[in-house]
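> With positions in the sequence shown counted from 1, the corresponding number in this note's numbering is that position plus 242.
Hints listed in this document are in silico derivations from the structure and should not be mistaken for laboratory results. A portion of the hints provided could be inaccurate.
[Unchecked claim] Here are the computed distance ranges between Cβ atoms for each label pair:
hint, residue 1, residue 2, range
1, Trp-393, Phe-252, 24 to 32 Å
2, His-264, Gln-371, 25 to 33 Å
3, Ser-343, Lys-300, 18 to 26 Å
4, Arg-299, Lys-404, 40 to 48 Å
5, Thr-350, Lys-276, 22 to 30 Å
6, Thr-350, Glu-261, 19 to 27 Å
7, Lys-300, Ser-331, 29 to 37 Å
8, Asp-268, Ser-331, 29 to 37 Å
9, Glu-388, Thr-258, 19 to 27 Å
10, Ile-326, Asn-366, 26 to 34 Å
All values reported here derive from a predicted model rather than from experimental measurement. Idealized CB from N, CA, C, for every residue including glycine.
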Amino acid sequence: MYFVTCTVVFWIDLFTRKEYKHVLLDTLGYYQEKRGLIIHAYCIMSSHIHMIISSSRKEETLSAIMRDFKKLSNKRIISEIGRINESRSEWLLRAFNRAGSKLKRITTNKIWMDGNHPIELDNNKMIEQRLDYIHNNPVDAEIVDEAENYWYSSARDYNDYKKGLLKVELLL
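Whenever a hint applies, use it, and build me the whole structure from the sequences.
Here is the structure:
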(Lines of atoms letter the chains of each structure in order from A and count residues from 1; the text may use other names and numbers.)
(Lines give C-alpha, C1' and ligand atoms only; values in the text may rest on other atoms or scores of the structure.)
Protein backbone atom coordinates (compact mmCIF):
# COMPACT_ATOMS: atom_id res chain seq x y z
CA MET A 1 0.00 0.00 0.00
CA TYR A 2 1.36 3.39 -1.04
CA PHE A 3 0.71 7.08 -0.60
CA VAL A 4 1.07 8.77 -4.01
CA THR A 5 0.72 12.29 -5.36
CA CYS A 6 0.12 13.29 -8.97
CA THR A 7 0.79 16.96 -9.69
CA VAL A 8 -0.18 19.10 -12.69
CA VAL A 9 2.77 20.57 -14.62
CA PHE A 10 3.78 24.07 -13.51
CA TRP A 11 1.43 23.57 -10.53
CA ILE A 12 -1.43 24.84 -12.71
CA ASP A 13 -4.75 25.05 -10.86
CA LEU A 14 -6.49 22.80 -13.37
CA PHE A 15 -8.97 21.15 -11.02
CA THR A 16 -10.90 24.28 -10.15
CA ARG A 17 -13.58 23.10 -12.57
CA LYS A 18 -15.78 20.17 -11.61
CA GLU A 19 -15.64 18.75 -15.15
CA TYR A 20 -11.92 18.01 -14.83
CA LYS A 21 -12.37 16.54 -11.35
CA HIS A 22 -15.02 14.22 -12.74
CA VAL A 23 -12.69 13.13 -15.53
CA LEU A 24 -10.23 12.07 -12.80
CA LEU A 25 -12.95 10.27 -10.84
CA ASP A 26 -14.19 8.45 -13.96
CA THR A 27 -10.67 7.47 -14.96
CA LEU A 28 -9.85 6.19 -11.47
CA GLY A 29 -13.13 4.23 -11.49
CA TYR A 30 -12.12 2.67 -14.79
CA TYR A 31 -8.81 1.49 -13.32
CA GLN A 32 -10.58 0.16 -10.25
CA GLU A 33 -12.85 -1.94 -12.44
CA LYS A 34 -10.44 -3.01 -15.20
CA ARG A 35 -7.04 -3.17 -13.49
CA GLY A 36 -7.69 -3.95 -9.84
CA LEU A 37 -6.74 -0.54 -8.44
CA ILE A 38 -7.84 -0.23 -4.82
CA ILE A 39 -8.27 3.29 -3.53
CA HIS A 40 -8.16 3.56 0.24
CA ALA A 41 -8.18 7.37 0.38
CA TYR A 42 -8.00 10.29 -2.03
CA CYS A 43 -8.33 14.04 -2.28
CA ILE A 44 -8.41 16.09 -5.48
CA MET A 45 -6.97 19.55 -4.92
CA SER A 46 -6.68 22.36 -7.49
CA SER A 47 -3.27 21.29 -8.84
CA HIS A 48 -2.78 17.73 -7.58
CA ILE A 49 -4.34 14.56 -6.26
CA HIS A 50 -3.24 12.60 -3.19
CA MET A 51 -4.16 8.93 -2.82
CA ILE A 52 -3.50 5.86 -0.74
CA ILE A 53 -3.65 2.93 -3.14
CA SER A 54 -2.96 -0.76 -3.53
CA SER A 55 -3.71 -3.42 -6.14
CA SER A 56 -5.92 -6.49 -5.94
CA ARG A 57 -3.95 -8.19 -8.72
CA LYS A 58 -0.42 -9.45 -8.30
CA GLU A 59 0.25 -9.19 -12.03
CA GLU A 60 -0.56 -5.46 -11.99
CA THR A 61 2.14 -3.22 -10.53
CA LEU A 62 1.03 0.07 -9.05
CA SER A 63 3.66 1.90 -11.08
CA ALA A 64 2.16 0.51 -14.31
CA ILE A 65 -1.37 1.38 -13.20
CA MET A 66 -0.33 4.92 -12.26
CA ARG A 67 1.57 5.39 -15.53
CA ASP A 68 -1.48 4.31 -17.52
CA PHE A 69 -3.86 6.35 -15.33
CA LYS A 70 -1.85 9.49 -16.01
CA LYS A 71 -1.72 8.73 -19.73
CA LEU A 72 -5.48 8.12 -20.05
CA SER A 73 -6.51 11.01 -17.78
CA ASN A 74 -4.17 13.29 -19.76
CA LYS A 75 -5.94 12.34 -22.99
CA ARG A 76 -9.41 12.70 -21.46
CA ILE A 77 -8.70 16.07 -19.84
CA ILE A 78 -7.27 17.52 -23.07
CA SER A 79 -10.45 16.38 -24.81
CA GLU A 80 -12.59 17.92 -22.05
CA ILE A 81 -10.76 21.26 -22.35
CA GLY A 82 -11.87 21.36 -25.99
CA ARG A 83 -15.41 20.21 -25.21
CA ILE A 84 -16.47 22.65 -22.50
CA ASN A 85 -16.58 26.43 -22.56
CA GLU A 86 -13.25 26.94 -20.76
CA SER A 87 -12.08 30.55 -20.60
CA ARG A 88 -8.50 29.37 -20.05
CA SER A 89 -8.48 26.77 -22.83
CA GLU A 90 -5.88 28.43 -25.07
CA TRP A 91 -3.60 29.21 -22.14
CA LEU A 92 -3.96 25.69 -20.69
CA LEU A 93 -3.27 23.98 -24.01
CA ARG A 94 -0.27 26.23 -24.65
CA ALA A 95 1.18 25.39 -21.20
CA PHE A 96 0.53 21.65 -21.58
CA ASN A 97 1.96 21.67 -25.09
CA ARG A 98 5.08 23.45 -23.83
CA ALA A 99 5.51 20.83 -21.09
CA GLY A 100 5.12 18.01 -23.62
CA SER A 101 7.34 19.51 -26.31
CA LYS A 102 10.42 19.15 -24.09
CA LEU A 103 10.19 15.36 -24.09
CA LYS A 104 10.83 12.73 -26.75
CA ARG A 105 8.26 10.26 -25.40
CA ILE A 106 5.41 12.79 -25.55
CA THR A 107 4.59 14.52 -28.80
CA THR A 108 1.83 16.87 -27.66
CA ASN A 109 0.25 17.88 -24.38
CA LYS A 110 1.54 16.84 -20.98
CA ILE A 111 -0.65 17.50 -17.96
CA TRP A 112 1.15 15.58 -15.23
CA MET A 113 4.61 16.07 -13.78
CA ASP A 114 6.79 12.98 -13.87
CA GLY A 115 6.65 10.62 -10.91
CA ASN A 116 4.14 9.93 -8.17
CA HIS A 117 6.43 10.23 -5.15
CA PRO A 118 5.31 6.85 -3.73
CA ILE A 119 5.74 6.27 -0.01
CA GLU A 120 5.13 2.76 1.26
CA LEU A 121 2.80 2.70 4.24
CA ASP A 122 3.87 -0.25 6.35
CA ASN A 123 2.44 0.54 9.78
CA ASN A 124 -0.72 2.00 11.31
CA LYS A 125 0.96 5.21 12.45
CA MET A 126 2.04 6.03 8.88
CA ILE A 127 -1.42 5.16 7.57
CA GLU A 128 -3.13 7.39 10.15
CA GLN A 129 -0.76 10.29 9.40
CA ARG A 130 -1.36 10.08 5.65
CA LEU A 131 -5.12 9.71 6.03
CA ASP A 132 -5.17 12.80 8.21
CA TYR A 133 -2.93 14.70 5.78
CA ILE A 134 -5.03 13.75 2.74
CA HIS A 135 -8.39 14.51 4.32
CA ASN A 136 -7.32 17.78 5.93
CA ASN A 137 -5.79 19.21 2.75
CA PRO A 138 -9.00 21.10 1.81
CA VAL A 139 -9.36 22.33 5.41
CA ASP A 140 -5.77 23.60 5.48
CA ALA A 141 -6.37 25.31 2.12
CA GLU A 142 -9.50 26.95 3.62
CA ILE A 143 -11.79 25.41 1.01
CA VAL A 144 -14.02 23.86 3.69
CA ASP A 145 -14.15 24.06 7.46
CA GLU A 146 -14.59 20.31 7.97
CA ALA A 147 -12.94 17.59 5.89
CA GLU A 148 -16.13 15.61 5.29
CA ASN A 149 -17.71 18.65 3.62
CA TYR A 150 -15.32 18.44 0.67
CA TRP A 151 -16.94 16.45 -2.13
CA TYR A 152 -13.76 15.44 -3.95
CA SER A 153 -12.26 13.48 -1.08
CA SER A 154 -12.75 10.19 0.72
CA ALA A 155 -13.19 12.03 4.04
CA ARG A 156 -16.97 11.55 3.75
CA ASP A 157 -16.48 7.80 3.50
CA TYR A 158 -14.38 7.81 6.67
CA ASN A 159 -16.15 10.42 8.80
CA ASP A 160 -19.82 10.13 7.91
CA TYR A 161 -19.72 6.62 6.53
CA LYS A 162 -21.61 8.01 3.57
CA LYS A 163 -20.83 6.92 0.07
CA GLY A 164 -18.53 9.40 -1.65
CA LEU A 165 -17.99 9.98 -5.36
CA LEU A 166 -15.53 7.09 -5.75
CA LYS A 167 -15.44 3.54 -4.44
CA VAL A 168 -13.14 3.48 -1.39
CA GLU A 169 -11.86 0.51 0.62
CA LEU A 170 -11.59 1.85 4.15
CA LEU A 171 -8.50 1.41 6.31
CA LEU A 172 -8.25 1.11 10.09
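> Work down the list of hints and note, for each, if the structure agrees.
Hints and how they fare:
1. Trp-393 - Phe-252: 24 to 32 Å: The hinted range 24 to 32 Å holds for Trp-393 and Phe-252, with Cβ atoms some 25 Å apart.
2. His-264 - Gln-371: 25 to 33 Å: 29 Å, holds
3. Ser-343 - Lys-300: 18 to 26 Å: Violated, at about 38 Å.
4. Arg-299 - Lys-404: 40 to 48 Å: 28 Å, violated
5. Thr-350 - Lys-276: 22 to 30 Å: 25 Å, holds
6. Thr-350 - Glu-261: 19 to 27 Å: The hinted range 19 to 27 Å holds for Thr-350 and Glu-261, with Cβ atoms some 20 Å apart.
7. Lys-300 - Ser-331: 29 to 37 Å: 42 Å, violated
8. Asp-268 - Ser-331: 29 to 37 Å: 20 Å, violated
9. Glu-388 - Thr-258: 19 to 27 Å: The hinted range 19 to 27 Å holds for Glu-388 and Thr-258, with Cβ atoms some 21 Å apart.
10. Ile-326 - Asn-366: 26 to 34 Å: Once the Cβ atoms are compared, 42 Å apart, the range 26 to 34 Å for Asn-366 and Ile-326 is violated.
Hint check: violations occur at hints 3, 4, 7, 8, 10; the rest are consistent with the structure.
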